[in-house]
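2 protein chains.
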Amino acid sequence: MKIIFIGSGNLATNLAMAFKQLGHDILQVYSRTIESANALAIKLDTAATNDIKEIRNDADLYVFSVTDTALPTLIPQISQGKEDKVFIHTAGSMPLSVFKDQVQNYGVLYPMQTFSKTREVNFRTIPCFIEANNDKAQSVLFSLANELSDKVYLLTSDERKYLHLAAVFACNFANHCYALSADILNRHNIPFEVMLPLIDETALKVHALSPIEAQTGPAVRYDENVMQKHLDLLLENPLVKEIYERMSLDIHRMAQNQ
Amino acid sequence: MKIIFIGSGNLATNLAMAFKQLGHDILQVYSRTIESANALAIKLDTAATNDIKEIRNDADLYVFSVTDTALPTLIPQISQGKEDKVFIHTAGSMPLSVFKDQVQNYGVLYPMQTFSKTREVNFRTIPCFIEANNDKAQSVLFSLANELSDKVYLLTSDERKYLHLAAVFACNFANHCYALSADILNRHNIPFEVMLPLIDETALKVHALSPIEAQTGPAVRYDENVMQKHLDLLLENPLVKEIYERMSLDIHRMAQNQ
Chain Y
1 MKIIFIGSGN LATNLAMAFK QLGHDILQVY SRTIESANAL AIKLDTAATN DIKEIRNDAD
61 LYVFSVTDTA LPTLIPQISQ GKEDKVFIHT AGSMPLSVFK DQVQNYGVLY PMQTFSKTRE
121 VNFRTIPCFI EANNDKAQSV LFSLANELSD KVYLLTSDER KYLHLAAVFA CNFANHCYAL
181 SADILNRHNI PFEVMLPLID ETALKVHALS PIEAQTGPAV RYDENVMQKH LDLLLENPLV
241 KEIYERMSLD IHRMAQNQ
Chain E
1 MKIIFIGSGN LATNLAMAFK QLGHDILQVY SRTIESANAL AIKLDTAATN DIKEIRNDAD
61 LYVFSVTDTA LPTLIPQISQ GKEDKVFIHT AGSMPLSVFK DQVQNYGVLY PMQTFSKTRE
121 VNFRTIPCFI EANNDKAQSV LFSLANELSD KVYLLTSDER KYLHLAAVFA CNFANHCYAL
181 SADILNRHNI PFEVMLPLID ETALKVHALS PIEAQTGPAV RYDENVMQKH LDLLLENPLV
241 KEIYERMSLD IHRMAQNQ
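So the protein lines, in turn, are chains Y and E. Read in the working numbering, the first sequence has 152 at position 152, and its numbers run on one by one without any break. Read in the working numbering, the second sequence has 186 at position 186, and its numbers run on one by one without any break.
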């Protein structure tokens, strides 16, 4: 398949590399700045542009992997003269309807994972959620997604917005808990490595137990003595103290509702 | 070694089983209620009691694995007539000095992991932090901890309290992020299993990148459009909304301080 990528961020980079490895032909990379378009185009051994007028018309598929707010302005500009092609975006939080009345065949491919440019991921195990406006787009998306991953699901825009919110908690906020942990250790000259077995077991545990069943620690017991001692250690950082208080309250709330 | 366990909770259960597997002789389990003492004693094929006066004097080591607040009252009651023995507790948040002036040889063995009674863990990979008041206690603790784990560290009470706080963030609070994620999915009939590859990669990623480098998602970009849409989905739960707001603010703060 001949594919053009609009965007060159973390997800665009990982997805374009994966499509190339599957034998697809990445014709071109567009990005707002030529530097970032080039950075990805070099990895793909393809052409780069930052000029919307230079985006070729002869691709089968246009993949928009850009900031959410850029989509509504980019779609009408880029789709001109390409009305018979398939257009998709990859944003968990944007509805399918962002393409409505702009193009004929469109869809969403949301690979639910945390992508960084420096870290290659294995798409086979990544759940991919797809949605399309017609059979043509859906058949393209199914075939592409199945080449990428063993876990392909049809999901509506409305369900996907909750899925994306749930992913922010399970990934970004869990990772921020690691960052806060690393910060505390760093201030006391304890290497973050000592925390990795605990982080790994915490993640592994929810494969076998529900997170509520898996919970341990002072908040689930509502051990006010321990919690107060912890809050005293956080006095210098009021925002982190507020996070500690609210997380503990909410852990307790959930344990009680069990 | 002849060992008596004071306490029968998650950590006591896992630690006592591990000591038994290493060939140590668990003489007795004490717990506040005979039911919970029995539950652990049966697993260990040993005796149970809920009567402090019945705790035997002929063990080499007394392991206190109880709620923090119970330690100061239990120690003087249980140590009577056992002054030449070694006493340890396993609490990350309690100082060594809780034993001071009560017994002669004492220490702390803090295995930093999340323990549940229904889930067996491999102690060999669990970092164990030890501290002792004299050579006798330290030598007992070193030898025991080295039998258990490949990762044994000496750590002071003051450092351990920060380590314990860091562990609450990396484990309990990260797990609560999973619980909040599971709750959102559950309300929308999406199985929690779809989140596991993302949870696993988020944990695995911080083996290679620092948590700050690993961070992705709307908060690190401070994408107010996405964040506002997420907050609108959380209106029915003000506490979770507050957690979302504060986590996002703090992710942004950390990304800016990079």
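Note that these hints are calculated values from the structure, not bench results. Owing to the predicted nature of the structure, the values given are computational and were not obtained by experimental measurement. The beta carbon of each residue, even a glycine, is placed where N, CA and C say it ideally should be. Be aware that a few hints might be false.
[Claimed, not checked] Here are the simulated SDA-like pairs of lysine to any residue, each with C-alpha atoms no more than 20 Å apart in a straight line: (1) Y/K117 with E/Q258; (2) E/K229 with Y/A39; (3) E/K161 with Y/G81; (4) Y/K117 with E/S210; (5) Y/K229 with E/R119; (6) Y/K161 with E/D232; (7) E/K241 with E/Q258; (8) Y/K161 with E/T216; (9) Y/K161 with E/V220; (10) Y/K161 with E/D68; (11) Y/K161 with E/K117; (12) E/K161 with Y/E224; (13) E/K241 with Y/L249; (14) E/K241 with Y/E224; (15) E/K161 with Y/K117; (16) Y/K229 with E/L96; (17) Y/K161 with E/H207; (18) E/K117 with Y/A255.
[What the hints assert, rightly or not] Covered, in the sense of this in silico footprint (three residues per stretch, anywhere, with C-beta under 8 Å from a C-beta of chain Y), are these stretches of chain E: (19) 26–36; (20) 209–220.
Evaluated hints:
1. Simply put, Y/K117 and E/Q258 have alpha-carbon atoms about 18 Å apart, close enough for the 20 Å limit, and the pair holds.
2. Taken as a hint, the E/K229 and Y/A39 pair is broken in the structure, with Cα atoms around 31 Å apart against an allowance of 20 Å.
3. With a CA separation close to 64 Å, the supplied pair E/K161 and Y/G81 exceeds the 20 Å bound.
4. Using a Cα cut-off of 20 Å, the hinted pair Y/K117 and E/S210 holds, with the two alpha carbons roughly 14 Å apart.
5. Note on Y/K229 and E/R119: the hinted pairing is violated, with a Cα-Cα distance of about 29 Å set against a maximum of 20 Å.
6. The suggested pairing of Y/K161 with E/D232 holds, with an alpha-carbon distance near 11 Å, which does not exceed 20 Å.
7. For the proposed pair E/K241 and E/Q258, the alpha carbon gap of about 26 Å is over 20 Å, so the pair is violated.
8. A threshold of 20 Å between alpha carbons decides the hint, and for Y/K161 with E/T216 the separation of about 17 Å falls inside it, so the pair holds.
9. At most 20 Å may separate the alpha-carbon atoms for a hinted pair to count; Y/K161 and E/V220 meet this at roughly 19 Å.
10. Our distance criterion of 20 Å between C-alpha atoms is broken by Y/K161 and E/D68, whose separation comes to about 42 Å.
11. Pair hint Y/K161 plus E/K117 does not hold up; C-alpha atoms about 36 Å apart against a cutoff of 20 Å.
12. For the given pair, E/K161 sits about 15 Å from Y/E224 by alpha-carbon distance, which is consistent with the 20 Å threshold.
13. With a C-alpha separation of about 13 Å, the suggested pairing of E/K241 with Y/L249 holds against the 20 Å cut-off.
14. Distance check on the hinted pair: E/K241 and Y/E224 sit about 23 Å apart at the alpha-carbon level, beyond 20 Å; violated.
15. Between E/K161 and Y/K117 the alpha-carbon distance is near 36 Å, which puts this suggested pair outside the 20 Å criterion.
16. Straight-line distance between C-alpha atoms of Y/K229 and E/L96 comes to about 15 Å, which keeps the hinted pair within the 20 Å bound.
17. At most 20 Å may separate the alpha-carbon atoms for a hinted pair to count; Y/K161 and E/H207 exceed this at roughly 29 Å.
18. Taking the CA atoms of E/K117 and Y/A255, the gap is about 17 Å. The hint holds against a cut of 20 Å.
19. Here the segment 26–36 of chain E counts 0 residues with a CB under 8 Å from a CB of chain Y, which misses the bar of 3, and the coverage is violated.
20. Check on the segment 209–220 of chain E: 12 of its residues sit with their Cβ under 8 Å from a Cβ of chain Y, so the three-residue criterion for coverage holds.
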